[in-house]
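J.: Here are the chains, one letter per residue:
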Amino acid sequence: MTDRILELKTETLQQEESFGRLIFRRFLRHRLAILGLVLLVAITALALYAPNYKYDPEKISLLEKLKSPSTEHLMGTDDLGRDLFARVINGGRISLAVGILATGLSLMFGTLIGAAAGFYGGWVDNVLMRLTDVFLSFPSLFVLILLGAMIRDTPLAKFQGGLITIILVISVLSWMTTARLVRGTFLSLREMEYVEAARALGISNTRLVLRHMLPNALGPIIVQGALQTAYSILTESGLSYLGFGIQPPTPTWGNMLNDAQTYMTRYPWVAIFPGLMIFITVMSINFVGDGLRDAFDPRTVYGKK
Amino acid sequence: MTTYIIRRFFQAIPLLLFISIVIFALLQITPGGPLARLENDPTISAQDLQLMRERLGLDDPIPVQYARWISAVARGDLGKSYATNQPVLEMIKERLPNTLKLMSTAFAVTIIIAIPIGIISAVRQYSIFDHVVTTIAFAGQSIPIFWFGLVLILVFYVTLDNPWSDGPLFPSGGIYSLDKQGDFLDGLWHLVLPVTMLSLAWVSWYTRFLRSSMLDVLHKDFIRTARAKGLRERLVQLKHGFPNAAIPMITLIALDLPALFSGAIFTETIFSWPGMGRLFFQSALRRDYPVLMAIVMFTAVLIVLSNLLADLLYALLDPRIRYD
Numbered sequence: 211m212t213d214r215i216l217e218l219k220t221e222t223l224q225q226e227e228s229f230g231r232l233i234f235r236r237f238l239r240h241r242l243a244i245l246g247l248v249l250l251v252a253i254t255a256l257a258l259y260a261p262n263y264k265y266d267p268e269k270i271s272l273l274e275k276l277k278s279p280s281t282e283h284l285m286g287t288d289d290l291g292r293d294l295f296a297r298v299i300n301g302g303r304i305s306l307a308v309g310i311l312a313t314g315l316s317l318m319f320g321t322l323i324g325a326a327a328g329f330y331g332g333w334v335d336n337v338l339m340r341l342t343d344v345f346l347s348f349p350s351l352f353v354l355i356l357l358g359a360m361i362r363d364t365p366l367a368k369f370q371g372g373l374i375t376i377i378l379v380i381s382v383l384s385w386m387t388t389a390r391l392v393r394g395t396f397l398s399l400r401e402m403e404y405v406e407a408a409r410a411l412g413i414s415n416t417r418l419v420l421r422h423m424l425p426n427a428l429g430p431i432i433v434q435g436a437l438q439t440a441y442s443i444l445t446e447s448g449l450s451y452l453g454f455g456i457q458p459p460t461p462t463w464g465n466m467l468n469d470a471q472t473y474m475t476r477y478p479w480v481a482i483f484p485g486l487m488i489f490i491t492v493m494s495i496n497f498v499g500d501g502l503r504d505a506f507d508p509r510t511v512y513g514k515k
Numbered sequence: 246m247t248t249y250i251i252r253r254f255f256q257a258i259p260l261l262l263f264i265s266i267v268i269f270a271l272l273q274i275t276p277g278g279p280l281a282r283l284e285n286d287p288t289i290s291a292q293d294l295q296l297m298r299e300r301l302g303l304d305d306p307i308p309v310q311y312a313r314w315i316s317a318v319a320r321g322d323l324g325k326s327y328a329t330n331q332p333v334l335e336m337i338k339e340r341l342p343n344t345l346k347l348m349s350t351a352f353a354v355t356i357i358i359a360i361p362i363g364i365i366s367a368v369r370q371y372s373i374f375d376h377v378v379t380t381i382a383f384a385g386q387s388i389p390i391f392w393f394g395l396v397l398i399l400v401f402y403v404t405l406d407n408p409w410s411d412g413p414l415f416p417s418g419g420i421y422s423l424d425k426q427g428d429f430l431d432g433l434w435h436l437v438l439p440v441t442m443l444s445l446a447w448v449s450w451y452t453r454f455l456r457s458s459m460l461d462v463l464h465k466d467f468i469r470t471a472r473a474k475g476l477r478e479r480l481v482q483l484k485h486g487f488p489n490a491a492i493p494m495i496t497l498i499a500l501d502l503p504a505l506f507s508g509a510i511f512t513e514t515i516f517s518w519p520g521m522g523r524l525f526f527q528s529a530l531r532r533d534y535p536v537l538m539a540i541v542m543f544t545a546v547l548i549v550l551s552n553l554l555a556d557l558l559y560a561l562l563d564p565r566i567r568y569d
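Residue numbers (the numbering used here), protein chains in the order written: chain W, 211 to 515; chain V, 246 to 569.
A hint or two may mislead.
[To be verified] Stretch by stretch, here's where chain W covers chain V in the computed footprint (C-beta under 8 Å, at least three residues):
| # | stretch |
| --- | --- |
| 1 | 292 to 301 |
| 2 | 372 to 386 |
| 3 | 423 to 430 |
| 4 | 470 to 482 |
[As the list claims (entries may be wrong)] Take a look, some chain W residues computed to stay more than 12 Å from chain V by CB distance:
| # | residue |
| --- | --- |
| 5 | I244 |
| 6 | N262 |
| 7 | L273 |
| 8 | D343 |
| 9 | F348 |
| 10 | N426 |
| 11 | V492 |
| 12 | S494 |
In short, the hints are calculated from the structure, not lab data. Each residue gets a CB set at the ideal place from its N, CA and C atoms; glycine is no exception.
The task is simple: from the sequences and hints, build the whole structure.
T.: Rendered as structure tokens:
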């Protein structure tokens, strides 16, 4: 208990330290979160490097097909002789792009709607929250599959294997949690004295929201962002695995697993590596999310228990 | 309470109608249409295609088609499958029991494993057991369920052999072996892998949830009072701690039922389990609109009902909460 008081004291004493730095310092104490961050940086670096790798992920060479992992082909080759490592790191580009972009959009929708509902209250709040309820009642995985199946054979699926469509659909079906979160924070912030004071100073609504209210809701939004990224990556790979997501030949971890199914019983590595990548990526993101949540939560006590 | 339930039911009707309109519209406005697959088939002439369109009423305006669909549904007629011409209701009746069997077993397994582990993990916080459990649970929540299914097949079907017979340790699909239809033990043997696949994420999630909710409760004042009056620690934990920690978990479980149903899409597809999830997957491939509509709406109803169930359970278990 004294440790805790001491810690609080030191934290208040260092007033000059910015909030961002404080969070970062608290985050650094979370060992698994650091591990997650390191892994994510490594995966991102590989994804960025992917186009320069010596093998083209879509180049077919039937003489080389279904080779087991070796120094030449780090993860072996698939049924068309394509280098699996090249496909895995290129697939990472898609998965990460979907994860980041879908989450960005989803957070944006959610924050806009939640902030509007919480800031204006009254009938605006009522309408927006009913809308949120409606979206929450959509069976999202079913709707995603349905849309994926419908779009599959159309020009929409041609560009980058339908990347844009899938990002849009995932974000449209997943902003609701953020909206509720932001609305809740805004409702309580609205009544705070400092907000009233800002209003009394004649500050514009936009500035009030952007400068004084939104920063206070940032913690939960960032944590939600981490969870949402993991969810988006899992959803995209799940859809692509079923064949309703990103379309071949564009490689993604999900559609590689779909390909792998037919011959994985004899050549297990084709199924192991792509899945392992999804697993590691999602787990790293969850570690980081956990670390962020603890860092933002003032009740967390670090160090010896 | 009764008025509350009735009111909720009436609120659900416009919501479900709205969802059905959106899904119906989505199906209609996406390019292609139900016959898109046949259009590329050289054996079907343009005339035949036109005949089919007319017979299915596909050239009518979308609102007219919707009105036809919804009025039929109101009479309990879900239409006929475009692919097999079988009544949709019959198809669902055939498959729903299989899905329920899979789901209820997975559900039971989840509860039986998650509750004791969650409690022990909380009571012995920071013990080796707790560390192992939290790590596994964390991993279990991050693993992509479909890949886990494939790995299960690789390990238990492909790699490991059955010590009692020549075949694999566990089958990779189906509900029964071909020659043993309806055999209880054989059915159980077929359930092992799909149920493991479906439960892993749920066991992880509920273990973590119960652990943290148990830890919350164990720091409350009434727990200290119970200890202060000399109650045995075991009793404090199980009679005062657990029931209070379980309340939020029970409502959570009610809310999660539809998600368990979604998980079945992957499980049933991988393990060729003839249930609703696989039917949905196949119908999506075949663009079988009536079946797709029926299953999506079935899930929407399930979501609405499970929300209601969660609210009711909450009020039932926690007398401080009232709905008037």
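J.: Would you mind marking each hint as holding or not holding in the structure?
T.: Tested hints:
1. For the stretch 292 to 301 of chain V, the stated coverage by chain W is not satisfied: 0 residues place a CB nearer than 8 Å to a CB of that chain, which falls below the threshold of 3.
2. Given as covered by chain W, the stretch 372 to 386 of chain V passes the check, having 3 residues with a CB less than 8 Å from a CB of that chain where 3 are the minimum.
3. Counting residues of the stretch 423 to 430 of chain V whose beta carbon lies closer than 8 Å to any beta carbon of chain W gives 0, which falls below the threshold of three, so the coverage claim is violated.
4. Requiring three or more residues with a Cβ within less than 8 Å of a Cβ of chain W, the coverage given for the stretch 470 to 482 of chain V is violated, as only 0 such residues are present.
5. Against the 12 Å criterion, I244(W) stays outside the reach of chain V, whose nearest CB is about 15 Å from its own CB.
6. The beta carbon of N262(W) is kept farther than 12 Å from every beta carbon of chain V, the shortest such distance being approximately 28 Å.
7. Consistency note on L273(W): stated as away from chain V, and its beta-carbon is indeed over 12 Å from all of that chain's, at 26 Å minimum.
8. The claim that D343(W) lies off the interface is violated: its Cβ sits roughly 7 Å from the closest Cβ of chain V, which falls inside the 12 Å cut-off.
9. Residue placement check: F348(W) does not keep its beta carbon more than 12 Å from all beta carbons of chain V (closest about 6 Å).
10. Even its closest Cβ contact with chain V, about 25 Å, leaves N426(W) beyond 12 Å, as expected for a residue assigned away from the interface.
11. For V492(W), the condition that its CB be more than 12 Å from all CB atoms of chain V is violated, with the nearest at approximately 4 Å.
12. A Cβ of chain V approaches the Cβ of S494(W) within 12 Å, the least distance being about 8 Å, so the stated non-interface status is violated.
When held up to the earlier numbered hints, the structure conflicts with 1, 3, 4, 8, 9, 11, 12 and fits the remainder.
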